[in-house]
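Student: If you read the protein sequences in the order shown, they are chains A and B. Residue numbers for the first sequence follow the numbering used here, beginning at 1 and rising by one. Residue numbers for the second sequence follow the numbering used here, beginning at 233 and rising by one.
Read the hints as simulated data drawn from the structure, not as lab findings. Wrong hints could be hidden among the right ones.
Simulated DEER-style distance windows between Cβ atoms [stated by the list, open to error]:
(1) A:L94 x B:G427: 40 to 46 Å
(2) A:L224 x B:D491: 52 to 58 Å
(3) A:L163 x B:D369: 56 to 62 Å
Note that beta-carbon positions come from the ideal geometry of N, C-alpha and C, so glycine has one too.
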Amino acid sequence: MMILNDIRFQWRHRFYFVYLLVCSLYLLLLHFIPSEYKETVAVLLTFSDPSALGLIFAGGILLLEKDQGIQDCLFVTPLRLREYLLAKAISLSLLSILAAWMIHGFSLGMPLSPIRFTVGVMLTSSLFTLLSIGIVVRTQTVNGFILLSQLFSFPFALPLLHLFDIGSRALFVFFPTYGSLLLIGTINRPVSSMETIYAVGIMMIGNTIAFLWAKHSFQQRVLLGITKGKST
Amino acid sequence: MPTMNQAVSNPVIDPVIEVDRLQFSYPGTGSRILHGISFTIARGDIFGFLGPSGAGKSTTQKVLIGVLKGYDGRVKVLGEEIRDTRSGYYERIGVAFEFPNFYSKLSVLENLKLFRSLYTGETEEPIKLLEQVGLADAAHLKVSELSKGMKMRLNFCRALLHRPAVLFLDEPTSGLDPVNAKIMKDLILERKAAGTTIVITTHNMHAAEELCDRVAFIVDGQIKLIDSPRELKLRQGESKVRVEFMEGEIRKSEDFPIDDLAQNERFLQVIGRHKIETIHSLEASLEQIFIDVTGRTLT
Numbered sequence: 001m002m003i004l005n006d007i008r009f010q011w012r013h014r015f016y017f018v019y020l021l022v023c024s025l026y027l028l029l030l031h032f033i034p035s036e037y038k039e040t041v042a043v044l045l046t047f048s049d050p051s052a053l054g055l056i057f058a059g060g061i062l063l064l065e066k067d068q069g070i071q072d073c074l075f076v077t078p079l080r081l082r083e084y085l086l087a088k089a090i091s092l093s094l095l096s097i098l099a100a101w102m103i104h105g106f107s108l109g110m111p112l113s114p115i116r117f118t119v120g121v122m123l124t125s126s127l128f129t130l131l132s133i134g135i136v137v138r139t140q141t142v143n144g145f146i147l148l149s150q151l152f153s154f155p156f157a158l159p160l161l162h163l164f165d166i167g168s169r170a171l172f173v174f175f176p177t178y179g180s181l182l183l184i185g186t187i188n189r190p191v192s193s194m195e196t197i198y199a200v201g202i203m204m205i206g207n208t209i210a211f212l213w214a215k216h217s218f219q220q221r222v223l224l225g226i227t228k229g230k231s232t
Numbered sequence: 233m234p235t236m237n238q239a240v241s242n243p244v245i246d247p248v249i250e251v252d253r254l255q256f257s258y259p260g261t262g263s264r265i266l267h268g269i270s271f272t273i274a275r276g277d278i279f280g281f282l283g284p285s286g287a288g289k290s291t292t293q294k295v296l297i298g299v300l301k302g303y304d305g306r307v308k309v310l311g312e313e314i315r316d317t318r319s320g321y322y323e324r325i326g327v328a329f330e331f332p333n334f335y336s337k338l339s340v341l342e343n344l345k346l347f348r349s350l351y352t353g354e355t356e357e358p359i360k361l362l363e364q365v366g367l368a369d370a371a372h373l374k375v376s377e378l379s380k381g382m383k384m385r386l387n388f389c390r391a392l393l394h395r396p397a398v399l400f401l402d403e404p405t406s407g408l409d410p411v412n413a414k415i416m417k418d419l420i421l422e423r424k425a426a427g428t429t430i431v432i433t434t435h436n437m438h439a440a441e442e443l444c445d446r447v448a449f450i451v452d453g454q455i456k457l458i459d460s461p462r463e464l465k466l467r468q469g470e471s472k473v474r475v476e477f478m479e480g481e482i483r484k485s486e487d488f489p490i491d492d493l494a495q496n497e498r499f500l501q502v503i504g505r506h507k508i509e510t511i512h513s514l515e516a517s518l519e520q521i522f523i524d525v526t527g528r529t530l531t
């Protein structure tokens, strides 16, 4: 139920409208890219799209909720923290999937492996959403959040180097985002079952660690923060 | 004058909340906020925590609502030790914070429906609750379009959505004009009449006087006194009536002992011969009692 509530919140705050604009810009960009680079750029865009969406939107949503003073009201209901976090991750993953399919549907057509592609987008989006939640609870301002989010997310972008043949594969296999690139790369390149298992596995591990980190951070900094309010 | 221990020793019939030697320090701060407070609250009572900012009343309430669980001592609400409670506890209690915060882009009704969806037990129809608090016409307005008084009533509705047995209200009349404050007080008394146990945290003495069956004065993390406002006022006040009257063109005032007032010749003479402007019994105000007992003001 909280997932639907989050989708409604995102809809009312025009997140979907903003993302329609972003998708249009992506489509425009892809239109002008020469065909020999188009597929690489598409992988790059598809990777950065759910990453940025999760990273920026989740932080934005939490800052909006904080601004509206909603969180203390939510946590004196039976809502559990894990339900709250998963609802954010799932609702934004759905938006990411919608956006990714829109971009590809209108530019490159059907990916080679639609299921792997969808799973890749979904797990990338949820990873960055959870990462974003862990980050945003450490800041008080939008500027602080933007700065910290760049700092925290930078290591996750390193596997992109491999997309441009920089560095060996062994350097990146422990990054969950390497798994993202493998699955999202199924736009134009088939991956084996073993690669798929590895990619889903490493992303699941990444998501689990990000979830535990976000949960702990939220517990310590928001729920205890509520309790440390000015009035005693 | 009753002390904390005397108040605690008075047995409460059918207690819903039992607190025994509650101590609390915020993690990492080292300084203790609550110093072993004890009290009980009976089913269907309105109980008020009164104290200045920083006294520990909000911390006490946060322990009671299960937000702070790292306490020492014993705290039982509806038979459950608070540190052992899980999310199901919130099916049984309702909480209205001082600031009526809602999803500002959603309508009044959408907000209530959203919060209602978080409960698994039986819930009220939001529109019926809105009718009860006079907000039915505002059901489709965005929350950001409501006045403070309307938001406070909506805040109250949200706390009632799941028919809680115990209601915790933080400064329920804060920032309200007299008309809206009266509406809120009437709503609270209606819930009491329906059998709900209500715990109020406030520094508004007048609201406490009008609403509470018993009040606890909290200062520096300790309860200095627990009693009913009426008892306190009578016991701490002077047993006198003050008469203000006109003697010719001059306004005068005289105090008379309440005992044997009907036989007091001077009193009879004053009320018989002069134009009376006011007659008041001189019971103490709750605010004055608070100052006398704690040596502190409420601001």
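Student: Of all the hints given earlier, name the ones this structure violates by number, lowest first.
Tutor: none
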